[in-house]
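*Asks:* Residue numbers (this note's numbering), protein chains in the order written: chain Y, 4 to 268; chain G, 4 to 268; chain P, 4 to 268; chain R, 4 to 268; chain D, 4 to 268; chain B, 4 to 268.
Honestly, the hints are just simulated from the structure, not real lab data. No residue lacks a Cβ here, since even glycine has one placed at the ideal position from N, Cα and C. You may find that some hints are simply not true.
To be verified - Here are the in silico distance ranges between beta carbons for each label pair:
| hint | chain 1 | residue 1 | chain 2 | residue 2 | range |
| --- | --- | --- | --- | --- | --- |
| 1 | D | Gly237 | Y | Pro208 | 41 to 47 Å |
| 2 | P | Thr199 | Y | Pro208 | 44 to 50 Å |
| 3 | R | Pro148 | G | Ala243 | 49 to 55 Å |
| 4 | P | Asp247 | Y | Leu219 | 53 to 59 Å |
| 5 | D | Asn149 | R | Glu179 | 37 to 43 Å |
| 6 | R | Tyr177 | G | Asp91 | 46 to 52 Å |
| 7 | R | Pro148 | Y | Ala214 | 29 to 35 Å |
| 8 | R | Ala111 | G | Ala245 | 38 to 44 Å |
| 9 | R | Asn189 | G | His172 | 55 to 61 Å |
| 10 | P | Gly257 | Y | Ala236 | 49 to 55 Å |
| 11 | P | Glu120 | D | Tyr178 | 45 to 51 Å |
| 12 | D | Asn149 | B | Glu142 | 28 to 34 Å |
Unchecked claim - Restricting the straight-line Cα-Cα distance to at most 25 Å, the calculated cross-link-like pairs of lysine to aspartate or glutamate (DMTMM-like) are:
| hint | chain 1 | residue 1 | chain 2 | residue 2 |
| --- | --- | --- | --- | --- |
| 13 | B | Lys137 | B | Asp89 |
| 14 | G | Lys103 | B | Asp98 |
| 15 | P | Lys103 | B | Glu95 |
| 16 | R | Lys103 | B | Asp91 |
| 17 | G | Lys103 | R | Asp91 |
| 18 | B | Lys103 | D | Glu120 |
| 19 | B | Lys212 | G | Glu179 |
| 20 | Y | Lys40 | Y | Asp146 |
| 21 | R | Lys40 | D | Asp159 |
| 22 | B | Lys212 | B | Asp256 |
| 23 | Y | Lys103 | D | Asp91 |
| 24 | R | Lys212 | B | Asp91 |
| 25 | Y | Lys229 | D | Glu220 |
| 26 | P | Lys212 | P | Asp256 |
| 27 | R | Lys103 | Y | Glu95 |
| 28 | B | Lys137 | B | Asp98 |
| 29 | B | Lys103 | D | Asp98 |
| 30 | D | Lys103 | R | Asp98 |
Stated by the list, open to error - Just some of the chain P residues that point at chain G, by a computed CB distance under 7 Å:
| hint | residue |
| --- | --- |
| 31 | Arg28 |
| 32 | Arg45 |
| 33 | Arg196 |
Protein chains: 6
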Amino acid sequence: MAYETITDRKGTLPLLTPMSEVAGRMAVQVGAQYLEKMNGGRGVLLGGVPGVPAARVVIIGGGVVGTNAAKIAVGMGAHVTIIDRDLDRLRELDDIFLSKISTLASSAYAIHGAISEADLIVGAVLVAGAAAPKLVTREMLKDVPNGAVIVDVAVDQGGCIETTRATTHSNPTYYEEGVLHYCVANMPGAVPRTSTFALTNATLPYVLKLANRGFLEAIQSDPGLKEGVNTYAGKLTYEAVAMDQGLEYTRLDGMLGGTTASKGA
Amino acid sequence: MAYETITDRKGTLPLLTPMSEVAGRMAVQVGAQYLEKMNGGRGVLLGGVPGVPAARVVIIGGGVVGTNAAKIAVGMGAHVTIIDRDLDRLRELDDIFLSKISTLASSAYAIHGAISEADLIVGAVLVAGAAAPKLVTREMLKDVPNGAVIVDVAVDQGGCIETTRATTHSNPTYYEEGVLHYCVANMPGAVPRTSTFALTNATLPYVLKLANRGFLEAIQSDPGLKEGVNTYAGKLTYEAVAMDQGLEYTRLDGMLGGTTASKGA
Amino acid sequence: MAYETITDRKGTLPLLTPMSEVAGRMAVQVGAQYLEKMNGGRGVLLGGVPGVPAARVVIIGGGVVGTNAAKIAVGMGAHVTIIDRDLDRLRELDDIFLSKISTLASSAYAIHGAISEADLIVGAVLVAGAAAPKLVTREMLKDVPNGAVIVDVAVDQGGCIETTRATTHSNPTYYEEGVLHYCVANMPGAVPRTSTFALTNATLPYVLKLANRGFLEAIQSDPGLKEGVNTYAGKLTYEAVAMDQGLEYTRLDGMLGGTTASKGA
Amino acid sequence: MAYETITDRKGTLPLLTPMSEVAGRMAVQVGAQYLEKMNGGRGVLLGGVPGVPAARVVIIGGGVVGTNAAKIAVGMGAHVTIIDRDLDRLRELDDIFLSKISTLASSAYAIHGAISEADLIVGAVLVAGAAAPKLVTREMLKDVPNGAVIVDVAVDQGGCIETTRATTHSNPTYYEEGVLHYCVANMPGAVPRTSTFALTNATLPYVLKLANRGFLEAIQSDPGLKEGVNTYAGKLTYEAVAMDQGLEYTRLDGMLGGTTASKGA
Amino acid sequence: MAYETITDRKGTLPLLTPMSEVAGRMAVQVGAQYLEKMNGGRGVLLGGVPGVPAARVVIIGGGVVGTNAAKIAVGMGAHVTIIDRDLDRLRELDDIFLSKISTLASSAYAIHGAISEADLIVGAVLVAGAAAPKLVTREMLKDVPNGAVIVDVAVDQGGCIETTRATTHSNPTYYEEGVLHYCVANMPGAVPRTSTFALTNATLPYVLKLANRGFLEAIQSDPGLKEGVNTYAGKLTYEAVAMDQGLEYTRLDGMLGGTTASKGA
Amino acid sequence: MAYETITDRKGTLPLLTPMSEVAGRMAVQVGAQYLEKMNGGRGVLLGGVPGVPAARVVIIGGGVVGTNAAKIAVGMGAHVTIIDRDLDRLRELDDIFLSKISTLASSAYAIHGAISEADLIVGAVLVAGAAAPKLVTREMLKDVPNGAVIVDVAVDQGGCIETTRATTHSNPTYYEEGVLHYCVANMPGAVPRTSTFALTNATLPYVLKLANRGFLEAIQSDPGLKEGVNTYAGKLTYEAVAMDQGLEYTRLDGMLGGTTASKGA
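Full structure from sequences and hints, please.
*Replies:* Written as structure tokens, this is what we have:
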């Protein structure tokens, strides 16, 4: 049973959402920290002070990660721009933030222009079950101010920035093109008290369903939960993983079929 | 009795404040209108729409005019920067707007940088009883985007922009350095219903005082009201005006002295 | 291929939405301008000033146009009432604006009452592909204050106010029953820089799809895009238009059928 | 030592302020309750619901009581108008509430107009140490909607509404001209847990000063505290009270003089 | 035709929603009132005052009732916690309130913890057509502060608090475990002017449909309206009610079938 | 000439204010960082996520440092309590934050209670020219949750927490009573780009005055600037410093007297 492939009725991944929320909120907090001079950044205070401009934060992706990053960045007083290719999502964000943020339709041109003035760039483009697209190229980074900070939350899926490579909590940052990259894969691990509660909130309903109804009935009553079954009876039952790894794939429905039938008898 | 020289206990000019409030709020409304293409502007919508950036509004001066301009500009969804030399005023604005605006300490460098990216510039620097300082030079305007709009509310006192010259409602705008200038002197005249109420609110207490107590007692009980007496018994009694016009000046106190004495008898 | 009949998965018209957003935001800006005395209005400042009441804005229709109009009107400090017949939409608006606006369930009685105290009325009722209903009658206008302003954004579809007739940028307004009507059909044309970006954001995905996949594959993979095909191979293929114009109608699917079949062979 | 005559450096009455804050906030809560049908009111919900208008609340006086009443009324979703004669106070309120309330300059005309549409009227005009002025006349009440509610917080000083007379918690309301009057003198007494903390916060510094320095030194080091001394050594030492009651008045400074002198020796 | 079983396209109950909105907003207003000492509560002012903490309000259920209760409680300045088991709903609430409230995933542990510090508890869990679950037990109430207030809006369906029993306007409250319970079933009845408008807004479209199209056509064109038919031609046609009451149930479709057929002829 | 003793007309220290603003805003950012598990804190995310409570932040002192800390903490979604002994300042904060924060009147009891539930404590009590009072005792810390974080901005003046001792950027934290202390003296040094601008904004007017008018005329025209003169012609001229250090003090006025006289000749 794999957390990251369980889906809900809307086709989203309910057990990954809480971690995306934590990661999005942490991305800005961590970005603010690395903008400090001694941490390698430009020495800019995210919110500025009266008489001194606030930092500019560009968030690439307006989904769960990006929206939560924006909430914190707006709250800290930064100038925030969210870039997304889905205009309807930008409209929802306009309803939520009511002109406290800028929204931009995604294009290489728009991204290049926005990050050329950015102090902090948050990579927040996650495509479920696929590698993140490389929306920021190395070439674009040459126009980003020296000492600006990138926090690429999409690093688990390869990152949405060309120069992203995974780092660790013990050695979290590196420079590319004069821009400080923070690409620690497991950001929510830094706040376990919050993350554990958040994850438990999301998993508990499934755990209770599995416990109360048994494995077979549970996955048959909830197609989304069935999506979470990656191996069963020693067989690999999730097609995308099988293809990705070059392993043999067995359809779960075929294996369950008999069981269900006999149960129905 | 001149409206514009009556002072209150704080040394401000209570009868000019309502007109400054109206003018400040109108400045942004008028600026939005002249940003329309057919009115000569850049063809930019002040608040943008989801996916398209909002306009940038730079307000020079954070007093009554500038604060009221900022309230409207923020409300319409623009990016707003207020520039003032008084840091304490910038702090008060930060308390009022809570990071919805940028504040910048005034300097030629800061003004030049801010207006170089501006769609709308509001001149809002008014120094009581003196010509406004020319904070924006013609040279700076060369870096302002073509078709940007200037609304100089300080035009009554000569304007705070070097290229400002008074215009009229029938011929309100002209270009200098590719920037559209709107410098109509009496902006509140366009909304007489609002302006008349605002002015009446401010003048009524003085009118009542003059009516109830008579001229002499009224001006003697209220030193601020006495400041409003520019001529008395055919003599010019306001020193600054006399000097400005090269006319003879007669001290009001000297003239009232005997009267007061005889009244006291 | 007609912009205004392409639909998205939710059945809305994605290529008209950006223009509705621009028009909605402009409607209030234009309304504020025409409330100025010299433009023929009541001489009222939309936001009032401290001590003088703000203007009352009534927006008929809570869809894209109306919501965007409300954002600007609230921002400028006006008293805003939105009238819509869809209670669920009013609830969403209450969530977005959190009691900063009034919402009213639509009825002739509610509309009549609200506009009888209005300074600015925005007509924002657009029914996709049909004439707008005449929700404000000439009779009702007799109770609207003299010099109030109507901006009817629905003019393209005949207007939602009985007295609406299309005007042009060169002669934009007229009076009916003492109320100033502004009914210019192409409002977004006044801010081409913003409108062009907004429209490009919306059309680019379709253009790319047509360019990358070719016409036939594109419209067959995207039923909404197919809705945009109004003529094909010289035949009129959009039923509503054919009926409206009394022309012969040819079903697109029939024409494509062979092509698809042959392609499948 | 009388709480209500101690002053602070700004000339305000620091020990009455907390009670004014509690009373102002309670006034709206109590008003909402009495607007319920079974309590005698119009049967209107203060905040309305989506599709149904909110109640109109008119607050007469923009000082401590009125500002706190406005905070609650705005929060509950009502339409709020504050009337005050001090334009500068109205400007401060505009900065605090940023167009979420209407402000009106006080006049009989403005008051009459506002209350003619009101569901709830809060009397919040308190003049330190004097009877409140009767700003709302019985005549005006004839135009107030039947079943509207008046909460006159100024009742302790006679009320700022002509028809006000003190009531008690056991019999709190009566009708005049069809308007329900709630005029209980000691409103903060209903929430003793909050009121006691609030009062202790305000009095503790004075109590500590009296305890640590002794009576004479305390009142001599703090002129505001000395204002609180109404009787000393059996003599009445507060002039306004003496005059009001027709009693003999002894100057406190004269009585302390000797003591001070001897202390100085 | 029963109001409470008509459904709309989303499966919600459109004719109950307005009453839930009114009840949710009233719940906090009523709770504030009963927190007053003389009404039996703790003597706490909901919003506190500067220097004294505000009350803590715990709302169990984040649906229509709970959201409306939260809007009023936040507006009055209280600390608000909403508990719901649906994480997606909590996310929507976070978008609406933007960190002005706390949201908690529902569990016995979370509820127990939250109410142990609460001044006001609002029971807002309503399950359409079923008894409300008892989420707060008598045992938990022992840890709630003495004099805290419970307003159980779910009382119509048995209440979501173990100790809830229906009360009336004439005798509205009782104590259990030292906690004051207010469980009047028909709260919207207290504000008939608002409630009647709200209900009319919701029912009018159905009434018009029934009037214009006749009973049979109306219920056949609108499956949700058909759900509202509980009895027809003397037979009980709503299965849940029949089962609940142990009465015979007749399928409406069977009865209408012939009619429809003959109409079709 | 010492920055930290120059005063302005209001008696505040204008050259220290910008550094207090930066330090206040950084205090929360740094506190959030040290709440991360790997940095030694409780592993709590400051803003929580939907379904998981936010952290509690207690700010001791409502002056420049505390207000700026509160702006960031509120923005990040934390529960914020500000404690100050000045009730008028708490009222101003209530006007600025409008119930988004809690304000508490300062007392050992209030502080103890608040910090017993705190995740982050910001020490923000600075008394100009004096050691900060020790408002939080070691004894109180025993009730603070393990892994909570203290950021004592008052460390330059000895700290307002008993267990505070100055730390450095290279070794910034230590535990006392299980609470992580961060007491780096020069916090603004971490964001030099912001701090330098902020300081320059504040000092430039004085530098210009000294440059344009010369030392003697400058300090004589601006009594506040004269306060900044700590040594002159080899003599110590600032009394408090002299007393503090046990050195000889020479009155500046005496030394300047002759100079001024001769200049006047």
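*Asks:* Check the hint pairing Y:Lys103 with D:Asp91 against an upper bound of 25 Å on the C-alpha distance.
*Replies:* 24 Å, holds
*Asks:* Does the closest beta carbon of chain G sit nearer than 7 Å to the beta carbon of P:Arg45?
*Replies:* 6 Å, holds
*Asks:* Would you check the hint for D:Lys103 and R:Asp98, treating anything up to 25 Å between C-alpha atoms as holding?
*Replies:* The given pair, whose Cα atoms are some 21 Å apart, holds under the 25 Å limit.
*Asks:* Just tell me: holds or violated, for the beta carbon distance of R:Pro148 and G:Ala243 against 49 to 55 Å?
*Replies:* Holds, at about 54 Å.
*Asks:* Can the restraint linking B:Lys103 and D:Asp98 be considered satisfied, given a maximum Cα separation of 25 Å?
*Replies:* Distance of about 16 Å is within 25 Å: holds.
*Asks:* Taking only the CA atoms, is the gap from B:Lys137 to B:Asp98 under or equal to 25 Å?
*Replies:* Distance of about 28 Å is beyond 25 Å: violated.
*Asks:* Starting from R:Lys103, check that the Cα of B:Asp91 is at most 25 Å away, please.
*Replies:* Distance of about 24 Å is within 25 Å: holds.
*Asks:* Run the distance test for R:Lys212 versus B:Asp91: straight-line Cα separation, threshold 25 Å.
*Replies:* This hinted pair holds, its Cα atoms lying about 18 Å apart.
*Asks:* Sort out whether D:Asp159 lies within 25 Å of R:Lys40, counting only the CA atoms.
*Replies:* 21 Å, holds
*Asks:* Holds or violated: P:Arg196 as interface residue toward chain G, Cβ cutoff 7 Å?
*Replies:* Holds. Min distance 4 Å.
*Asks:* Return the status of the interface hint for P:Arg28: holds when the least beta-carbon distance to chain G is below 7 Å, violated otherwise.
*Replies:* 5 Å, holds
*Asks:* Does Y:Glu95 lie within 25 Å of R:Lys103 when you go C-alpha to C-alpha?
*Replies:* 23 Å, holds
This entry does not satisfy hints 7, 19, 25, 28, going by the numbered hints stated previously.
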